[in-house]
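K.L.:
Take a look at the letters that make up each chain.
2 protein chains.
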Amino acid sequence: MENALFKNPIIKQILDYYATLWALDHLNSLAGWDLRTYMPKEGVVDRGEAFAKISTLSQKIFLDNKFVSLIKKAENEPDLNSYEKGIIRILKRSLEKYEKLPPEFLEEFDKVTTEANNVWEKAKIENNFSLFEPYLEKIVNLCIKKAEYLGYKGHPYDALLDEYEEGLTTKEVEEFFSSIKEPLKKILSYIKNSSRYKTEHPLSLEKYDKKEMENVNLKTLEFLNYDPKKLRLDVSAHPFTTNISLNDHRITTWYRENDFARSLFATIHEYGHALYESQFDSKINYTPLCNFSGLSLSIHESQSRFWENMIGRTKQFIHGMHKSILGINPNLVKYNVEEIYNYFNLVKPSLIRVEADEVSYHFHVMIRFEIEKGLMEGKIKVKDLPKIWNEKYKEYLGIEPKTDREGVLQDVHWSSGSIGYFPTYSIGTFLSGLIKYEIEKDIGDLGNLIKSEDGIKKIQDWLKEKIHQYGGTYTMKELVKKSFGKDFSPSYFLSYLEKKYKEVY
Amino acid sequence: MENALFKNPIIKQILDYYATLWALDHLNSLAGWDLRTYMPKEGVVDRGEAFAKISTLSQKIFLDNKFVSLIKKAENEPDLNSYEKGIIRILKRSLEKYEKLPPEFLEEFDKVTTEANNVWEKAKIENNFSLFEPYLEKIVNLCIKKAEYLGYKGHPYDALLDEYEEGLTTKEVEEFFSSIKEPLKKILSYIKNSSRYKTEHPLSLEKYDKKEMENVNLKTLEFLNYDPKKLRLDVSAHPFTTNISLNDHRITTWYRENDFARSLFATIHEYGHALYESQFDSKINYTPLCNFSGLSLSIHESQSRFWENMIGRTKQFIHGMHKSILGINPNLVKYNVEEIYNYFNLVKPSLIRVEADEVSYHFHVMIRFEIEKGLMEGKIKVKDLPKIWNEKYKEYLGIEPKTDREGVLQDVHWSSGSIGYFPTYSIGTFLSGLIKYEIEKDIGDLGNLIKSEDGIKKIQDWLKEKIHQYGGTYTMKELVKKSFGKDFSPSYFLSYLEKKYKEVY
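Line order of the protein sequences matches chains A and B. Quick note: the first sequence, position 264, residue 254 per this note's numbering, numbers continuous. Quick note: the second sequence, position 4, residue -6 per this note's numbering, numbers continuous.
Be aware that one or more of the hints could be misleading.
Straight-line Cα separation of at most 30 Å, DSS-like style, residue types lysine-lysine; simulated pairs [stated by the list, open to error]:
#, chain 1, residue 1, chain 2, residue 2
1, A, Lys197, A, Lys305
2, A, Lys273, A, Lys219
3, B, Lys220, A, Lys31
4, B, Lys209, A, Lys200
5, A, Lys447, B, Lys31
6, A, Lys220, B, Lys200
7, A, Lys101, B, Lys56
8, B, Lys63, B, Lys143
9, B, Lys31, A, Lys454
10, A, Lys50, B, Lys90
11, A, Lys31, B, Lys63
12, A, Lys188, A, Lys392
It should be emphasised that the hints constitute simulated quantities derived from the structure, not laboratory data.
Looking at chain A on its own, in the form it has when it is part of the complex:
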């Protein structure tokens, strides 16, 4: 592998060896995508079996003495550049995990979550939490065990948070939420008191034809400058992104044939995730720097949320897509850009996180955070979840789901074993506020850019230069410091919200 970024001979040996792990990860990602998109239902048990074996195999290959001693040797090398240091940082994190988690544990974790994922889908369709309950019980117990294996300083939940955001602690998340809770409540109460406040928009009731909506989604991707030779859009029970390689990105959306914004924003959100990884420097291909485990999920979410909210929910985007959107249903002709804008930015307490508005969104995440923390502490039992879920929605948002489908069963994460992931949604969203601020400082008003001929491309180039190209080279905190010369702070996003919603309401 001749590559200008990596000069150190030990790093080169590491990357040579690593290529096999990359290949396993590549196939694993594909198999995960397939599981949720095209796999015939009955394939699930065998797929779980395969994941379990591959997980054990990857661990074994990683823990090979030769490789481990290369990693340890590389640590003490002088004059490593940032990319090389990033590689060592990421590999050491994996190494630590692999050394701590027994192979049997990983195998069980994979097997349980593969099955649980399928059961969750069924449970959600049938609105039957009791189907999913025993699996979630197993997953929570496995996560508690995982935290014990991994170890933690403060709270067992720290061990899980760290998996998604390097170094993130329960204490930090608590501080973050407590710093945004009151300001968000204030904005929400301003909106609720506005004469323009309403809890329903007629557009959400407009039905659409799935084919037409697929067309709108594809047109949206075109508007956002996607490359169909590198990215595909499919359908799944819950939208997600899988980056299978630097040149192969898969996103999914959903269609329920009314409330078209739900399908549209899922597409844009996932596109943001895919764009991030598609703009990695091609020189980091096949290295740990493009491995998902080395990425900050807050950065990842900042990208999806940036495209979803700061591009997709603007008048300029709606203007550009207006003609396509009107095509989904003849009734829509009567809605002008302004009205669609109001629909896209309707703030109201609602039940589904992924459809929530920009303001109340974070209360959904706070609820998840409290529940996950409680589950990890053993203070909340899985069997009580539907009840607790509903109580918390009542408390935070003043509304209660009528069914578990729109309550505790709504999200895919737990079924995949992803406990500790949710806080990065809020942190990432707040990071997108900082990013918007920096883009506008550097290349001008986002609205104007969206309107201008190559504005989307300019935004993407900027994101590539400041954020994307590096992959996992830096942690979130390091990258913010390096690219923007400052620390992450929630204030930018709060200012953005305040300004925007005082205009809307």
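Add chain B to chain A, keeping to what the hints say.
P.N.:
Okay, now just chain B, sitting in the frame of chain A:
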């Protein structure tokens, strides 16, 4: 793994170890399917890289001393049952190959064929052999090298034939073809002299809507008793089957919007392949007995050709599917079962093997055989292929392709490195004649079975009992002997052809 079939403790250890190889193979199959169905085009280089690494890894895992000595130890175990013996037979074959083929060679082979597959698709679409030529050149050279590595007694082509049909030699193939050539010519000349002979059928010109044809294909699968929870139908440049696990089968077909038989029979053909592996005894799951490398491709092809010709091309099948077929185009209403039957069984020299009638089909395969043999001997050069191809079609079938798309570029096999595969198509087809004879002896006339309510199921149960359940436990010759108490002979198929086409013409 507690399993009634495998009692021997060494075999049990072997299977435990083998499960990882099974998992790699599972993911590999999926990645191959994805490459030809849904993968974004630009993903191809990285996919090739992954295949190459996984191929090397599989070899390394296979050649682990511990595993190799288990295989060698198991060979000398007394009282192994047939399944256990089958496992050892298959593993020894792989072992021999792995020991003989250097990992760098396998890696290169994978990389070249992954790219070549994509280039072939493009070359075929653009009707441009010169695009594909350098890749095919590489593949032929790699195959020559492969034969040298593997070794052979008689002819270098033997080494390749053996990869697809255990023990098959160039000499045997030559004998087989020379025994069927004259009888086939006789049948063909009978047909050509019949007053009913024609080279065109109006149905082949009827256009269809792709959506409607998809529906016919799915209805056909329903008629043939498929399980949608275990099998899916997609679209690809060349129809193929991938059996991803015992419970996950993927077949593809193609649509070119006229000549609907082409799409229909591709579907049925591939379904035959999938059905075979879907009826393996579930107890052989995760073992070498269900690994593709352990299967006789003649048996595999006997299944696809059986369903395609002996079920799909019957009046009873057409009767059952008549209503669906009429739906593809309002013009079709005027065609009754008899006319569709004549269309499905129109014998005429044609250019495309997969669309060829049951009689002239084998001349296509003879041409391939002669060309492949010549390529391996170095007597035929890749650059001369379009010319030689056309000459041979002139000689054997009296017609010449106007484009390479319908000539030398028509089939996917060479681009995947599959040289030596084609003869199994003919041998398999002739085996299907023996199978038809045996089914009818045991459970009655096929036509009556297709008409009767659970007849398809009865045929499938019979196939499961006599052939499918065993997976790779026996070689083709062994299985024919065991299940039917006789040796394979081409005479059954020749009698079937003669009887059928003397009725049709």
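K.L.:
If a hint holds in the structure, say so; if it doesn't, say that too.
P.N.:
Hint check:
no. : hint                 : in the structure
1   : A:Lys197 to A:Lys305 : holds (22 Å)
2   : A:Lys273 to A:Lys219 : holds (20 Å)
3   : B:Lys220 to A:Lys31  : holds (7 Å)
4   : B:Lys209 to A:Lys200 : holds (23 Å)
5   : A:Lys447 to B:Lys31  : holds (22 Å)
6   : A:Lys220 to B:Lys200 : holds (26 Å)
7   : A:Lys101 to B:Lys56  : holds (26 Å)
8   : B:Lys63 to B:Lys143  : holds (27 Å)
9   : B:Lys31 to A:Lys454  : holds (23 Å)
10  : A:Lys50 to B:Lys90   : holds (26 Å)
11  : A:Lys31 to B:Lys63   : violated (39 Å)
12  : A:Lys188 to A:Lys392 : holds (21 Å)
Hint 11 from the list above is the single one not met by this structure.
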